[in-house]
Structures are given as structure tokens and as C-alpha cells.
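Q: Residues per chain are reported as follows:
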Amino acid sequence: MSPTAQSESLALGAVPSVARQEAAEAGLDAGLLGRVRLAALGRALLPWALPLGVLALWQAAASLGFLSSRVLPAPGDVALAFWRTLKDGTLLTNISVSTGRALTGLAIGGGIGFALGVLNGVWRPAETALDSTLQMLRNVPHLAIIPLVILWFGIGEEAKIFLVAVGVAFPIYLNTFHGIRTVDRGLVEMARVYGLSSTALFWRIVLPGALPSVLVGLRYALGIMWLTLIVAETISSTEGIGYMTMNAREFLQTDVVVLGVLAYALLGKLADSLTRAIEQRALAWNPAYQPGARGVA
Amino acid sequence: MEIFAASDADITAEVRAADIRATFSPPTPAQPPRRWKGEPIRLSGVTKSFGARPVLRRLDLDVPAGQFLAVVGRSGGGKTTLMRLICGLDSATSGDVFVGEARVAGLMPQVRLLFQDARLAPWQRVIGNVGIARGPAWREQAHAALQDVGLADRGRDWPSVLSGGQRQRVALARALVSRPGVLLLDEPFGALDALTRAEMHRLTERIWTEHGFTVVLITHDVAEAVALADRVVVLRQGEIALDVAVDLLRPRPEADGAEAADLRRRILAAV
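Protein chains in written order, with our numbering: chain A, 495 to 791; chain B, 42 to 312.
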């Protein structure tokens, strides 16, 4: 037994002699390993301490009657609502409908934003012709055109997908454009000297160089995607998480409303984690994205 | 303390020398010699102006195939402009540049350029950078070129993990892949430390002797020019101020000796 381990068990004092004996038999390695594991577990759990604490406080307040269930349901009730909606299938149906809308809108809007960003980034005449118009449109809050969108598309699927597409197009456009414009000129010159064709130049130098910026745009767009969808679904829907929460409000089912909010939060977090994973794969060449990378400071 | 420091430095120097020998020992005899054709360069009455300011004035220069030419001069003396004209990145205001039989108009596929910075694409692995132009069997060719510069085992690495000297060696391999007739070196060793620079000199000299292409080395380091080149041209205010042959025996590790010193003095005086 090492001196430190000994002094620690001495300091503990109250440890029964049998336990001490066992620790001595297990030896130094096990003791050290256990402490290291415990420390790692502590680090992993620490970020969850605050939310779990709030949850416990919330449950206690609801159970003791400080908090009316009309204002905020107890976490237990939300869990029950989760179980109920999961069993009758409405939760999964609504989540998949919402996710489908979000991804369709992202594909359309993101595709358009990316294409415009590439076009304006590589071809100056296109920038001259399009950029100021795009900048004007970008500064219109896209939710402000909801009345117009309802007049155009009614309250069907198209309206929601259109709104999401408009919302996500601009951050992706802006970041793609910026990424392509800031690609290292020296590398472009090198590629030309070494005989790369325009297509090869684009795929091997320009796009990979712009990718970090494009992915920042994507992460930003994902936030806007959920935000837009929530608003669009709350206005008018017959399916989706937004519909589920609005419907629950009519019947004063606060537990289902809170469940819907939680579903949005989780979906948003999921989307963000997914982009992080994409970043780590696509930008593996960048030391900043390699495992174990630290901040700049 | 001083004694320790001195002996430490000695050991380091010894280790480095062994390193250099190991890296740059001649290729195994099993490999057939891979000489390829050098191309001559000819400039006749070349003037290049940026606005009203002439950078090169009616320049005439003949570089025979396979020659190692060093162009020395102060910054702004037109060295880099000369090089950009030869590889076709810029075009002359008047006069003609020829590489081989062809008049330079646009980028020349038989001319390769080594930049001051290595200019490796960070998102391509080393092998992908060497074979950046792809083409048929690029992987094998890139691997052979990496072997040539002594980095055969680093093909799978990202450029970000390489040292400055290794990056320049990868850049050299990238230039060699297409078996160029002319290799232009734009102060590629300027940013390297003295030991690495000496390594790069030996490597460049060895590869040039092996393959026999024409080299134009741009530098402001007179010692470097005398150590490497067959011929040194001093460019001053867009004109050739000195054109001198360097008839020293190769290999010439640091080109010491009275003759080399005298040459260096003459070149320095002209710069």
C-alpha cells in the first residue's frame, strides 16, 4: 500500500478494518483506478447537476401544492403524459411529421442558399447582380411574411415548408459566400500552376476551404429551422408537435404542452450534435477539430 | 556551463549529420535511373511594367536545358516577376519568353513552381497534396515522388503535423510528380532554419543531378546561390547586372574555399 493511500484510509478513520484489509489486498492500482474513475464520473455528471436540481425542486413545489398544475405541471405528470402519448402513438407521429417538415424545408432552403453562395462566391458578375437584392431580402424578418404566405399557400404543408426554407436559406447563403471568398488565394494560384481544371479546383480547393464556414452556417440555420417550424405549426396545423401543444392548451393539458416544449429542445439538441459529428468528420484535417483539441487561449 | 552547452551542440550536430546522410543516401540500385528531359528557357527583349513602372527592362537571358541557374537580387528587383513570366502566371508587356520550343502564353504544364510557403492544401493528406492534379496512376507516381524526397512513410499524414522543412519537401515532391522540364524555386528555403536549409540544399541538388531538369532558383542569399547553382545572374532594377558561371566541383557542401569566397564577393558587389 502506498503511503498516500495509507494516510488517506487513516484520515477516514471510520472505515471498518475489514474494508481497509480489502483495500490493502486490492492494492494501489485498484485504489487509484477507482479514484480516477470516480473523478471522470464526477466530470461527466457535473453539467447535469443544475438541471436535475431544478427538476427536483420543481417536483417538490408541485407536490406540496406551491405550484398549480394549471400554471406548470409536475415533472412526474409530464413523464406520465410522455408515456401516455408514446403508447397511443401520437407523440411519435407528431415528432416525425415535424421532423419531416423541418428537413424538407432545410433541404430546399439550404440547397438554394448554398447554390447562391457558391454562384456569387466564384463568379463576380453574379454577385454584382444578386447580392444587394439578397441582402435586402435577408433583412426582412421571415416571420413577418406569414400573412402573405397564408394567402399564397393557405394553411397546408407548403406554407410551413416555405417559411422554414426562407429562414434557413440566408444563413447558409451568407456563410457559404463568405467561406468561398476567403479561401486562401495562394492555394488557388498553386492549383492553377499545377494544372487543375476549374471543376477540380472547385472540388479540391475551393469547397474544402469554404466548408468550415458552410458548417457554421448550417448550425445557425438549424436553430432558425426549429424556431420557424414552431411558429408555423402553432398558427395552423392538424399534425406536428406545434399542433399537439396548441391542441393540449385548448383542453388545459399543461403536461402535454410542456412535453411538446421538451420535444423541441431535444430535437434541437439532436440536430446540433449531428452537425458537430459532421464537423468532426469533415474537418478532421483541421487541428482545431481533432479529438483533444483545446481552445485558442 | 559553457562546456556543457558546447558538447550538447556537438552531439546535436553529429546526430543531424547522421540524419542527413540517412535521408539523402542515394536511391537503392534496384531502381532504374529516372532522368527526364530538361527544357531550355529563352527570354528575348522582355519588358514587364506595372502601370508606368517597369520591373524588367528589355531582358535577354538564355538558360540551356539542364542548367541550375540562380537569380540573385534585392527585393523589388524583378526576381519574382521574372519567375511568374516563365511559368505563365503573368504575361510580358513586350518581348517573348520561350520554354523549350513553345512561346509562353498561359500556364505551362512542363514548368513547375515551388513557392516561398509550401502551399499545401490542409484538407488533403500528404499523398493527396503530392498528387493534387490526380490523373491516371497518380497514387503510384505520388508515392514515388515522396520516396524521392525521403517522406515515403508520411503519405497518410495531414500537412498540419509536418515541420516546415517537411512541408517544403512535400511541395518539392508535388512539383516532381509531373516530371517537369523546368523547376522554378521562389526562395523556397528562406523561412527554414540553417540546418534544415542545408538539408534541403543537398536534397534539391541530388534530385536535380538525378533527373536533369532545368532549375531557376530565386534567392537573396548569395551563399545559397554559390553553393547550388551552375550560374548566377544578378538582377538589379530590372536589368542583368552580373552573369557569372560557378565552376566549383560538386558536391559542394558549404562551398568554402577561396574561389567560392571570391565569387560571393563579386556577386555581393553587383547586388
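Source of the hints: derived by calculation from the structure; they are not laboratory data. None of the values given here were measured: they were computed from a predicted structure. Every residue, glycine too, gets a C-beta built ideally from N, C-alpha and C. Careful: at least some of the hints might be erroneous.
[To be verified] Have a look at the derived ranges for each label pair, beta carbon to beta carbon:
1) A:Lys763 <-> B:Ala235: 47 to 57 Å
2) B:Asp198 <-> A:Arg770: 18 to 28 Å
3) B:Val202 <-> A:Gln629: 32 to 42 Å
4) B:Thr88 <-> A:Arg775: 44 to 54 Å
5) B:Arg197 <-> A:Arg770: 38 to 48 Å
6) A:Gly689 <-> B:Gln157: 18 to 28 Å
7) B:Asp137 <-> A:Ala694: 24 to 34 Å
8) B:Val285 <-> A:Ser691: 33 to 43 Å
9) A:Trp646 <-> B:Ala178: 17 to 27 Å
[Claimed, not checked] One side of the interface only, derived from the structure: several residues of chain A facing chain B at Cβ under 8 Å:
10) Tyr688
11) Leu690
12) Arg698
13) Pro702
14) Trp779
[What the hints assert, rightly or not] From the derived model, a few chain B residues whose C-beta atoms are all more than 12 Å from chain A:
15) Thr88
16) Ser90
17) Asp158
18) Ala216
19) Ser219
20) Leu244
Q: Hint by hint, say whether it matches the structure.
A: Tested hints:
no. : hint                              : verdict
1   : A:Lys763 <-> B:Ala235: 47 to 57 Å : 53 Å, holds
2   : B:Asp198 <-> A:Arg770: 18 to 28 Å : 24 Å, holds
3   : B:Val202 <-> A:Gln629: 32 to 42 Å : 40 Å, holds
4   : B:Thr88 <-> A:Arg775: 44 to 54 Å  : 52 Å, holds
5   : B:Arg197 <-> A:Arg770: 38 to 48 Å : 25 Å, violated
6   : A:Gly689 <-> B:Gln157: 18 to 28 Å : 20 Å, holds
7   : B:Asp137 <-> A:Ala694: 24 to 34 Å : 30 Å, holds
8   : B:Val285 <-> A:Ser691: 33 to 43 Å : 42 Å, holds
9   : A:Trp646 <-> B:Ala178: 17 to 27 Å : 56 Å, violated
10  : Tyr688                            : 5 Å, holds
11  : Leu690                            : 6 Å, holds
12  : Arg698                            : 7 Å, holds
13  : Pro702                            : 4 Å, holds
14  : Trp779                            : 4 Å, holds
15  : Thr88                             : 23 Å, holds
16  : Ser90                             : 21 Å, holds
17  : Asp158                            : 7 Å, violated
18  : Ala216                            : 8 Å, violated
19  : Ser219                            : 7 Å, violated
20  : Leu244                            : 20 Å, holds
Violated hints, in rising order: 5, 9, 17, 18, 19; the structure is consistent with all others.
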